[in-house]
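Let the hints inform the model, and build the full structure from the sequences given.
Protein chains in written order, with our numbering: chain A, 1 to 310; chain B, 1001 to 1310.
Hints may be right or wrong, so weigh each one.
[As the list claims (entries may be wrong)] Here chain B is said to cover these stretches of chain A; the calculated rule only asks that three of the stretch's residues, wherever they fall, bring their Cβ under 8 Å from a Cβ of chain B:
id	stretch
1	238–251
2	263–276
3	284–296
These are calculated hints, taken from the structure and not from any lab test. Note that the structure is a prediction, hence the values are computed from the model and not measured. Built from N, CA and C at the ideal position, the CB exists for glycine as well.
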Amino acid sequence: MMRNLLSILTVVAAIIGLWYAACIPMNMHEATQQAQRAGTEVTPATASERLQLGGIALAVKNPTLWRGSFGQDRPRLPSPDQVMTELWNTTGAMALSGRAMSKRSLVFHSWITLSATLLGFAFGTGLGIILAVGIVHSRAMDMSVMPWAIASQTIPILALAPMIIVVLNSIGLQGLIPKAIISAYLSFFPVVVGMVKGLRAPGMMQLDLMRTYNATQGQTLWKLRLPASMPYLFASLKIGISASLIGAIVGELPTGAIRGLGARMLTGSYYGQTIQIWSALFAAAILAAILVGTIGLIQRRTLKRMGMQP
Amino acid sequence: MNAAVKSLGLSLPGFVLFAALGLSVADGSGWIGVALAVAAVVLGWLAIRGLATHFDTQGWARLGAPILLGLLILVLWEVTVRALAVPFVILPPPSAIAVKMSTSLPILWADMVQTVVKGALTGYVMGCGAAFLTAVAIDRSPFLQRGLLPVGNFVAALPIIGTAPILVMWFGFDWQSKAAVVVVMVFFPMLVNTVAGLSETTAMQRDLMHTYAASYRQTLFKLRLPAAMPFVFNGLKISSTLALIGAIVAEFFGSPTLGMGFRISTSVGQLALDMVWAEIVVAAIVGSAFYGSLAIIEKGVTFWHPSQRG
Chain A
1 MMRNLLSILT VVAAIIGLWY AACIPMNMHE ATQQAQRAGT EVTPATASER LQLGGIALAV
61 KNPTLWRGSF GQDRPRLPSP DQVMTELWNT TGAMALSGRA MSKRSLVFHS WITLSATLLG
121 FAFGTGLGII LAVGIVHSRA MDMSVMPWAI ASQTIPILAL APMIIVVLNS IGLQGLIPKA
181 IISAYLSFFP VVVGMVKGLR APGMMQLDLM RTYNATQGQT LWKLRLPASM PYLFASLKIG
241 ISASLIGAIV GELPTGAIRG LGARMLTGSY YGQTIQIWSA LFAAAILAAI LVGTIGLIQR
301 RTLKRMGMQP
Chain B
1001 MNAAVKSLGL SLPGFVLFAA LGLSVADGSG WIGVALAVAA VVLGWLAIRG LATHFDTQGW
1061 ARLGAPILLG LLILVLWEVT VRALAVPFVI LPPPSAIAVK MSTSLPILWA DMVQTVVKGA
1121 LTGYVMGCGA AFLTAVAIDR SPFLQRGLLP VGNFVAALPI IGTAPILVMW FGFDWQSKAA
1181 VVVVMVFFPM LVNTVAGLSE TTAMQRDLMH TYAASYRQTL FKLRLPAAMP FVFNGLKISS
1241 TLALIGAIVA EFFGSPTLGM GFRISTSVGQ LALDMVWAEI VVAAIVGSAF YGSLAIIEKG
1301 VTFWHPSQRG
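Below, the structure written as structure tokens:
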């Protein structure tokens, strides 16, 4: 455990180090520009000559100006501390001053995205489980629906997002529901595929035992198949919830929404606010980690109580 | 056999009859058309059940059932949309989509080349290649493996698609930025799978190579890489879907005036829903073909694996 933690920390530290190093060539053009305006000697002297050079060459020629690459207002690549500061300013600091639900707070935008994610996830999972039960119990559904469910995995369904939004908009549905439908669509298929596998997990012996008990199909489902499918269900729920989050974020893009994490990324890219994009990206990453982690926790507790895990 | 002929012999011609009737009277026929379509669907479903109960061991029935279901949905869609005169902007009938596809083949082809060949495929090859080489490189260091695997697993669950606006800002609007998004999206799933595959050999097998006095290189090429292939192909398959999604969604953030993502977002804006559906059909065909060809290659390379021997 200790060794693992050490390796992970080393890798994370290496990534952060690389990130800082990358900031220098990425932001060098802007840094030399600022330095020249402040009256410092810059090689080469004119802006058009500098544009000919790549970021790395420029950084090598002006080693004294590296400091200027950090802490710019609109850097091409913000440094990790800038992103973390912005993240803290728009979440923790605002929450402490009692403005957690202000329009500038990432907590507010995360909540908008999270509500669509959770609603869609609930829809998708429920539908997925029902369809999986149908597929396991009906030979006809298994033969006809299952190939389509598998084929649909190979289709870039996220491309449907803009159309779903516009179509639902034209029949008067706005806001949460269209995003939730995209989320549901994305989380639906992992659950179907996983649950079909899970509901088929009980062996011949166990099914035969149920038959000797004269159990009905419903009883077999409720007392044998569903409990046996729990490990598979949780594995696909983890995939499903991160797919839901992606669906909710992408669902915010095509309509030019003004609320939600996807909208923050979109407005950030319109106005060149790179720090805002990066902080929204990290907020999304943290949200994904929390969601997957929560499901992992529920998984551990449930399986432990069911005696499936030591 | 008699029961089989009876059930299929009645339901299949019935389905064809009602489908033809529904299609011929469809336009503006209101609820009569819908009733005909529903009758066709019920009979079609009976035919699928007939196939499933009586011919479930035959190869042609396994192929026929999903195709019949597809036809069923197409008939229901076409007749209902035309009978109830559903507005074109909400749902165009399949026939309109087919007509649009056949009349705008050059546009669809140009979009496909821009997005799939230039954006997705370039990024896919670069990302998967880089991930594969990284996995082989860190394979000699257990320390790096222990650190990189959890980080890689974590990153693979994140909404990486959010980096699209940043990468579009860095690499410009053309296909280079799309390829970059694809590289970032496929890298970690591929890395995690390859690393897992390389540790798939048993101690017995490695000991055998050791008794042969095999060098590291020989063990790698003759034992561990072949053993890793099922995992590598799993990674390649997951990445193939991600690559298409990445290339299409990245175009929502800015693109030249062609490309599938560009066409989808602008056609949605013009309410030209038939064009959107045409692009989605193209995406579905390309995605399935990509996945299918990977599956065929996998069958040839990992013929020894239990899942392929069937």
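The hints, checked one at a time:
As drawn, the stretch 238–251 of chain A meets chain B at 6 residues by the rule of a beta-carbon pair under 8 Å; at three or more, the given contact holds. Remark: the stretch 263–276 of chain A is confirmed as covered by chain B, as 6 of its residues place a Cβ nearer than 8 Å to a Cβ of that chain, reaching the required three. Counting residues of the stretch 284–296 of chain A whose CB lies closer than 8 Å to any CB of chain B gives 5, which reaches the minimum of 3, so the coverage claim holds.
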